[in-house]
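Model the full structure from these sequences, guided by the hints.
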Amino acid sequence: MDVRSNRREQGGSSAITANRLLDGRTVWLGAHGWSEQIAEARVIANTDIEAAIEDARARAAADSVMAIYGVQLLPDTATPEPLTMRERIRAFGPSVHPAFAISPQEGQRHE
Amino acid sequence: MPLLESGVLAADPWRPAAEDEPIGAGDVIVPLARLDEGLARSDPGRLGVLLPPEAEPSALRAALPGLSLIAVTFPIFRDGRAFTQARTLREHLGFTGEIRATGKPLPDQYEFLRRCGVTTVEVPEGTDPAPWAREHARFDVAYQPSILNETREGFALRRIPG
Amino acid sequence: MSDTATRPLPVGHYTYDQVDHDFLRARVEQFRDQVARRISGELSEDEFKPLRLMNGLYHQLHAYMLRVAVPYGTMDARQVRMLAHIARTYDRDYGHFTTRQNIQFNWIRLEDTPEILEQLASVEMHAIQTSGNCIRNVTSDEFAGAAADELVDPRVHAEILRQWSTLHPEFTFLPRKFKIAISGSPHDRVAARFHDIGVVAKPGPDGAVRFEVFVGGGMGRTPIVGVRIHDHLPEEDLLAYLEAILRVYNAYGRRDNIYKARIKILVQALGLDAFREKVEAEFAAMDRARYRLTPETVAAIRARFGTPDLIAPADAPAKLAADRAANPHFDRWARTNTHPHRAPGFICVAVSVKPAGGIPGDATSHQIDALADIAERFSFDELRVTHMQNIVFGHVRQDELLALWHALGEAGLATPNLGLIGDIIACPGLDYCALANARSIPIAQKISARFADPTLQEQIGRIHVNISGCINACGHHHAGHIGILGVDKKGEEFFQITLGGSAEDDAAIGQIIGPALPEDATVDAVARLIETYLTLRQEGERFLDTYRRLGQAPFKDSVYATA
Ligand code: SF4
Numbered sequence: 009m010d011v012r013s014n015r016r017e018q019g020g021s022s023a024i025t026a027n028r029l030l031d032g033r034t035v036w037l038g039a040h041g042w043s044e045q046i047a048e049a050r051v052i053a054n055t056d057i058e059a060a061i062e063d064a065r066a067r068a069a070a071d072s073v074m075a076i077y078g079v080q081l082l083p084d085t086a087t088p089e090p091l092t093m094r095e096r097i098r099a100f101g102p103s104v105h106p107a108f109a110i111s112p113q114e115g116q117r118h119e
Numbered sequence: 029m030p031l032l033e034s035g036v037l038a039a040d041p042w043r044p045a046a047e048d049e050p051i052g053a054g055d056v057i058v059p060l061a062r063l064d065e066g067l068a069r070s071d072p073g074r075l076g077v078l079l080p081p082e083a084e085p086s087a088l089r090a091a092l093p094g095l096s097l098i099a100v101t102f103p104i105f106r107d108g109r110a111f112t113q114a115r116t117l118r119e120h121l122g123f124t125g126e127i128r129a130t131g132k133p134l135p136d137q138y139e140f141l142r143r144c145g146v147t148t149v150e151v152p153e154g155t156d157p158a159p160w161a162r163e164h165a166r167f168d169v170a171y172q173p174s175i176l177n178e179t180r181e182g183f184a185l186r187r188i189p190g
Numbered sequence: 045m046s047d048t049a050t051r052p053l054p055v056g057h058y059t060y061d062q063v064d065h066d067f068l069r070a071r072v073e074q075f076r077d078q079v080a081r082r083i084s085g086e087l088s089e090d091e092f093k094p095l096r097l098m099n100g101l102y103h104q105l106h107a108y109m110l111r112v113a114v115p116y117g118t119m120d121a122r123q124v125r126m127l128a129h130i131a132r133t134y135d136r137d138y139g140h141f142t143t144r145q146n147i148q149f150n151w152i153r154l155e156d157t158p159e160i161l162e163q164l165a166s167v168e169m170h171a172i173q174t175s176g177n178c179i180r181n182v183t184s185d186e187f188a189g190a191a192a193d194e195l196v197d198p199r200v201h202a203e204i205l206r207q208w209s210t211l212h213p214e215f216t217f218l219p220r221k222f223k224i225a226i227s228g229s230p231h232d233r234v235a236a237r238f239h240d241i242g243v244v245a246k247p248g249p250d251g252a253v254r255f256e257v258f259v260g261g262g263m264g265r266t267p268i269v270g271v272r273i274h275d276h277l278p279e280e281d282l283l284a285y286l287e288a289i290l291r292v293y294n295a296y297g298r299r300d301n302i303y304k305a306r307i308k309i310l311v312q313a314l315g316l317d318a319f320r321e322k323v324e325a326e327f328a329a330m331d332r333a334r335y336r337l338t339p340e341t342v343a344a345i346r347a348r349f350g351t352p353d354l355i356a357p358a359d360a361p362a363k364l365a366a367d368r369a370a371n372p373h374f375d376r377w378a379r380t381n382t383h384p385h386r387a388p389g390f391i392c393v394a395v396s397v398k399p400a401g402g403i404p405g406d407a408t409s410h411q412i413d414a415l416a417d418i419a420e421r422f423s424f425d426e427l428r429v430t431h432m433q434n435i436v437f438g439h440v441r442q443d444e445l446l447a448l449w450h451a452l453g454e455a456g457l458a459t460p461n462l463g464l465i466g467d468i469i470a471c472p473g474l475d476y477c478a479l480a481n482a483r484s485i486p487i488a489q490k491i492s493a494r495f496a497d498p499t500l501q502e503q504i505g506r507i508h509v510n511i512s513g514c515i516n517a518c519g520h521h522h523a524g525h526i527g528i529l530g531v532d533k534k535g536e537e538f539f540q541i542t543l544g545g546s547a548e549d550d551a552a553i554g555q556i557i558g559p560a561l562p563e564d565a566t567v568d569a570v571a572r573l574i575e576t577y578l579t580l581r582q583e584g585e586r587f588l589d590t591y592r593r594l595g596q597a598p599f600k601d602s603v604y605a606t607a
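Chains as they are written, first to last, in the working numbering: chain A, 9 to 119; chain B, 29 to 190; chain C, 45 to 607.
FYI, nobody ran anything at the bench for these hints, they're computed from the structure.
As the structure is a computational prediction, the values presented were derived from the model and not from experiment.
There could be a bad hint or two in this list.
Quick list of in silico lysine-lysine cross-link-like pairs, DSS-like style, CA-CA up to 25 angstroms [said to hold, decoys possible]: (1) Lys304(C) - Lys246(C); (2) Lys93(C) - Lys132(B); (3) Lys221(C) - Lys93(C); (4) Lys533(C) - Lys490(C); (5) Lys600(C) - Lys490(C); (6) Lys304(C) - Lys132(B); (7) Lys363(C) - Lys221(C); (8) Lys304(C) - Lys93(C); (9) Lys221(C) - Lys132(B).
Okay, here's the thing in structure tokens:
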């Protein structure tokens with residue numbers, strides 16, 4: 009996957025994301041496996057992120073996910089929120105279709 | 029390495045020329061750089077040559093009468109230059125010997141290879157021929173003429189592949 | 045053929061026979077097999093990706109995206125209803141019409157794709173070669189078969205090219221994708237000079253049609269206006285000549301750098317004369333009899349197209365004139381959204397899929413169904429998708445135009461902005477596209493909302509605004525009178541403005557006017573460009589004309605002097 013417009017910084021923390029093989033949907037690595045909700049994502053210090061990504065990649069086939077990478081998070085948010093617009097759109101849905109949005113607060117899809 | 033011909037595995041009577049050794053007798057495939065040496069060989073046997081993807085097929089024009097096999101190659105399956113090379117060898121140079129595909133072609137490309145004039149495909153040891161056979165039999169129609177001069181089907185450009 | 049006895053052939057597109065149906069069914073089975081191998085883990089993503097791309101299945105930001113081919117943009121109502129069904133059943137109730145006359149579904153599940161392709165196949169549709177480094181869907185003129193200046197119906201030749209390019213053994217693994225457009229009239233309505241190959245019909249000396257062939261045009265990172273490689277190609281050599289061009293490209297096109305792999309780079313590197321020499325050498329050496337396009341072949345394909353019975357009541361024009369006089373809203377729409385038809389009493393209708401503030405090219409399943417109904421009622425069961433992301437009804441009786449307009453209004457599709465500033469072309473951008481730098485849709489929505497007033501739009505006149513979310517230029521920003529390109533500045537969305545592009549007979553590439561701006565400042569900048577134009581224009585000038593007469597300075601000043 010092209011991770012253009014997704015930059016990770018030296019400090020701070022990140023979450024790990026992927027896409028599910030069967031339906032292609034964006035998922036986030038949480039305490040209990042992959043979730044569609046970024047609210048459930050594990051927040052990982054950037055010092056540990058590469059190792060965590062490696063672990064996740066090793067299990068990718070078994071977990072039926074693909075294109076695993078780390079996403080820089082904004083500091084100090086109630087629930088995890090990505091830094092870049094690209095990853096915010098992946099996490100919360102297209103900005104032009106409020107009907108399909110997932111709000112960071114509720115972590116719910118309004119469908 | 030095993031060979032595929034018409035969707036089934038076949039024995040390969042050819043061997044590649046060993047580096048830094050005389051070509052010797054038998055059916056040998058030489059690299060393009062050793063073509064002259066191969067043509068001048070006095071040992072009995074048929075001669076083949078490996079045409080790299082960037083080479084012009086017309087470079088073989090003078091050598092064709094002495095060649096029984098030309099191997100074209102796919103460094104990656106997406107590099108489709110060998111299709112044009114094979115078709116050029118057949119259509120423009122009138123080569124009637126074996127054209128062999130080497131490198132990394134996919135079963136899904138099998139009919140394309142055949143319709144461009146490739147006769148055999150070199151596959152890795154242990155290859156399951158089933159997907160190749162499946163793709164060989166997949167379509168009952170083709171939508172454009174090819175060097176195989178297949179029978180026309182119905183109207184327009186359609187052909188029945190053999 | 046077997047199926048023709050039961051119903052008349054659909055108007056405007058080729059009708060499959062049993063052989064074509066069998067082929068498509070085999071293709072669906074092949075993909076079903078590939079998907080099963082992917083899901084079982086037998087194929088890795090790396091191995092599967094090129095296979096799914098050959099069937100139009102991408103992976104975008106949120107899900108898989110399926111791009112369905114609409115050959116030469118033409119469909120019958122049954123096919124259109126199938127698209128609505130797919131949107132409803134497998135997607136989130138909408139589809140997106142693209143600038144290449146295709147339709148995309150954004151929320152597709154991998155598991156569902158074999159079933160979707162099977163359903164599409166039942167109405168003679170597919171997603172073959174809508175992606176990958178092969179010959180893509182061949183596009184043609186949206187007024188095909190209807191325009192007064194037409195020499196041939198280009199859809200017959202586009203269909204011939206579609207068949208010829210389908211699973212072409214030699215040209216399915218080209219250095220890069222390959223786009224062909226064909227225009228049946230000398231007036232280029234297909235952006236022929238912005239395609240890898242553009243074919244434009246022209247009258248021949250003996251009354252037979254000839255083709256002008258352009259090569260090496262394109263947008264993307266290196267926008268280039270295509271050059272004429274053949275001035276008067278006879279019809280019978282069309283396939284042979286295209287084969288020759290593609291052979292030269294397949295043999296010599298660069299494969300070491302994806303950004304330099306299109307044919308335009310090869311043509312530039314060799315120079316047109318050297319490139320033409322190679323093509324001519326190939327053309328001279330090839331077995332021309334094998335590739336000859338005989339009049340019988342053309343006739344056989346043409347015979348698979350239904351033709352409309354263009355008979356209108358003698359008073360149809362008078363009825364239309366009276367309807368227009370009685371209703372100023374209808375009159376305005378008729379002024380902007382119609383095009384003359386070659387047959388007396390008929391007219392072509394262009395439907396804007398771009399309501400003020402809407403998403404360019406997006407249509408709900410309800411709207412797609414409504415379009416099918418209207419096609420059935422008013423236009424011989426046929427409609428076309430345009431490269432402007434709009435819809436055309438090709439053959440409408442003038443006395444029925446008012447009723448059609450009412451039907452469009454009920455579906456929210458009667459926006460009178462065709463060719464005006466609200467008729468913006470925008471790619472999906474960062475809201476969907478995995479390659480994007482910035483969002484294109486919100487800016488399009490803001491511009492079209494700012495200029496929502498139809499009277500103002502008409503005052504501004506003909507203008508093309510094109511927006512791309514990255515340098516791949518799917519929104520054709522290089523060819524916009526005003527072009528907007530999304531760029532990434534340290535993770536933030538910025539937009540670069542270009543002026544002076546055109547995709548028509550006066551093809552040109554827009555020039556950048558200055559530093560990139562944030563989204564809202566870009567919308568303001570467009571407003572100031574328009575004000576400047578309105579102040580400086582002379583009688584009868586379009587935005588582009590004024591820009592070309594005065595040059596960049598006054599426009600640039602208007603944007604940056606106060607910015
Ligand atoms: S122009 Fe860029 S952002 Fe827009 S659709 Fe094309 S690749 Fe995606």
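Please name the hints from earlier in the document that this structure breaks, with their numbers sorted from lowest to highest. Violated: hints 1 and 7.
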